[in-house]
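Undergrad: Sequence:
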Amino acid sequence: MVAVSQNKSIDGRLVAIGCNYEPWIALLEQSGWKTHCCYDLRTADSILEEYSPCICVVDLSNNDFSLNSISLRANKTKQVKWIAIIKKEQLKTDAIRQFINNFCVDYFTVPIPGSHLLDTIGHQLGMLDIEASSWVEITSQHDMGLFGESKSIKQLRDMVRRVAMTEVNVFLTGENGTGKELIAKSIHNLSKRKNAPFVLVNCSSLARDDEKLSLLDGTYRNEEGAPFDGTLMLDNVEELSKELQDNLLAYLQAPSCESLDEEMASDVRIVATSSADLDAAVANGDFSKELYYRLNVFHIKVPTLRERGSDIFLLAETFLTKFAREYSTMASTFSEDSKQLLLRYSWPGNVRELINQVKRAALLAEGNEVKAEHFDLPSKANLKQSLRNIKDEAEKDVLVAVLETHRGQVASAAKDLGVSRATMYRLLNKHNIVPDVRHYNNGYARE
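Taking our numbering, the leading residue of the sequence shown gets 1, the next gets one more, and so forth.
Honestly, the hints are just simulated from the structure, not real lab data. Glycine included, C-beta positions come from ideal geometry on N, C-alpha and C. There's no promise every hint is true.
[As the list claims (entries may be wrong)] Quick list of in silico lysine to aspartate or glutamate cross-link-like pairs, DMTMM-like style, CA-CA up to 20 Å: (1) Lys151 x Glu49; (2) Lys289 x Glu369; (3) Lys242 x Asp279; (4) Lys301 x Asp235; (5) Lys301 x Asp311; (6) Lys322 x Asp279; (7) Lys151 x Asp311; (8) Lys192 x Asp158; (9) Lys192 x Asp267; (10) Lys151 x Glu175; (11) Lys339 x Asp311; (12) Lys301 x Glu175; (13) Lys87 x Asp64; (14) Lys76 x Asp45; (15) Lys151 x Glu307; (16) Lys76 x Glu49.
[To be verified] Pairwise CB distance ranges (calculated): (17) Tyr293 x Asn101: 18 to 24 Å; (18) Ala280 x Asp392: 18 to 24 Å; (19) Ala411 x Val297: 43 to 49 Å; (20) Tyr293 x Asn63: 32 to 38 Å.
Based on the sequences and whatever the hints tell you, model everything.
TA: And the structure:
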């Protein structure tokens, strides 16, 4: 049964799944809620999609629905506060306990204490109202790395919102310039630690005996002598030396009760970032497998600007307004040729490169309009050449990968690719790839 309700004083909604018309629903109606009931999970899906942020009460006491199907819906819903109704004996079931622990803000056992439930729902609506306001406030700040309307950035915002409210470590990956530091700050500012310090440590600049990681083991103190209780961003975490990897792993593995006196122990949340292939580093033994698993509790792949096509011009306009105000220039619009240039370019430097290019254009523009000549970007002809280079690099990578798979055997590699041996040799010559069967672990040698 699905019930939809709206409170008179708060612009929030209640969705109830699997609930009969019971006294607690009547109590809600008396308090100003309107309800409609039916048994249909597909209807629940559409209601949750349309009405979130909202409260969702799910009745699990009669086993009318698969717990897995409810869990899947709870996992994908946005800004929904879940409350479970169960029988007392169901608390002995691991699956029920796990569902409540993972997805619910509260639960009630039948018979339902109506007044208590009403108080809980009212409180959660208030929390939703505060969270929604905080989310709008943060995402309206364009420099927080979460601005845009593309599908990929909307998914990123949702993941950041979800994980920020937890205490788990986060692992951000993505190309240079995608805004990983800004996203790490967003996670911090949306978390319960927002009033605590946010400390960035560039791992590539750490020496083997560097003491910057002392804030992990409790020896770090602020001016008042208190331990570090904030968010630690480990940028370029793949650059940590073996010694510092071991130190960090030891901290993460040690029970808090054994590491220090409880009052003096640090309470650190780690957001690690990397632009490298850490899976390969683990496979090669260059990065600790155990540490990787400890850091990679919640993985977020930050999209490239190329994957955010619909955001490119939106971001450019935002940055132009900012820099025109900052540098007191008249630049306010883009010419048609500059728009086409922005949209055609592949942006290998991502958002960071876009920011720098728009800053340059804002400074060079003599009037209201920014023109293509104000950007330091390749011309249309050069763009065609760039696309050709990208295609050649992709072709070379495929050839190398297939040769490695077939241990340098050209004939079998050609067969796998569906080309003749003559074509295979022509492609190898084109890319200066020399097969070396004797060293098939590498698979090839390049001139």
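Undergrad: For each hint, tell me whether it holds in the structure or not.
TA: Results of checking the hints against the structure:
Restraint check for Lys151 and Glu49: the C-alpha separation of about 16 Å stays at or below 20 Å, so the hint holds. Distance restraint check for Lys289 and Glu369: the Cα-Cα separation of roughly 53 Å exceeds the 20 Å cut-off, and the hinted pair is therefore not satisfied. Pair hint Lys242 plus Asp279 holds up; C-alpha atoms about 16 Å apart against a cutoff of 20 Å. Between Lys301 and Asp235, the direct Cα distance comes to roughly 15 Å. Compliance with the 20 Å bound is thereby established for this hinted pair.
A hinted pair counts as satisfied when its Cα atoms are at most 20 Å apart, and Lys301 with Asp311 qualifies at roughly 17 Å. For the given pair, Lys322 sits about 39 Å from Asp279 by alpha-carbon distance, which is inconsistent with the 20 Å threshold. Of the pairs offered as hints, the one joining Lys151 and Asp311 holds, with about 10 Å between alpha carbons and a cut-off of 20 Å not exceeded. Simply put, Lys192 and Asp158 have alpha-carbon atoms about 17 Å apart, close enough for the 20 Å limit, and the pair holds.
Restraint check for Lys192 and Asp267: satisfied, since their Cα atoms lie roughly 12 Å apart, inside the 20 Å limit. The suggested pairing of Lys151 with Glu175 holds, with an alpha-carbon distance near 18 Å, which does not exceed 20 Å. Restraint check: the Cα-Cα separation between Lys339 and Asp311 comes to about 13 Å, which is no more than 20 Å; the hinted pair holds. Restraint check for Lys301 and Glu175: satisfied, since their Cα atoms lie roughly 9 Å apart, inside the 20 Å limit.
The straight-line distance between the Cα atoms of Lys87 and Asp64 is roughly 13 Å, inside the 20 Å bound, and the hint therefore holds. With a C-alpha separation of about 10 Å, the suggested pairing of Lys76 with Asp45 holds against the 20 Å cut-off. Of the supplied pair hints, the one linking Lys151 and Glu307 holds, its CA atoms being roughly 9 Å apart against a limit of 20 Å. Restraint check for Lys76 and Glu49: satisfied, since their Cα atoms lie roughly 10 Å apart, inside the 20 Å limit.
In this structure, Tyr293 and Asn101 meet the distance hint of 18 to 24 Å, their C-beta atoms being roughly 21 Å apart. At roughly 23 Å, the beta carbons of Ala280 and Asp392 sit within the given window of 18 to 24 Å. In this structure the hint that Ala411 and Val297 lie 43 to 49 Å apart at CB holds, the actual value being about 46 Å. At about 36 Å, the CB distance of Tyr293 to Asn63 agrees with the hint of 32 to 38 Å.
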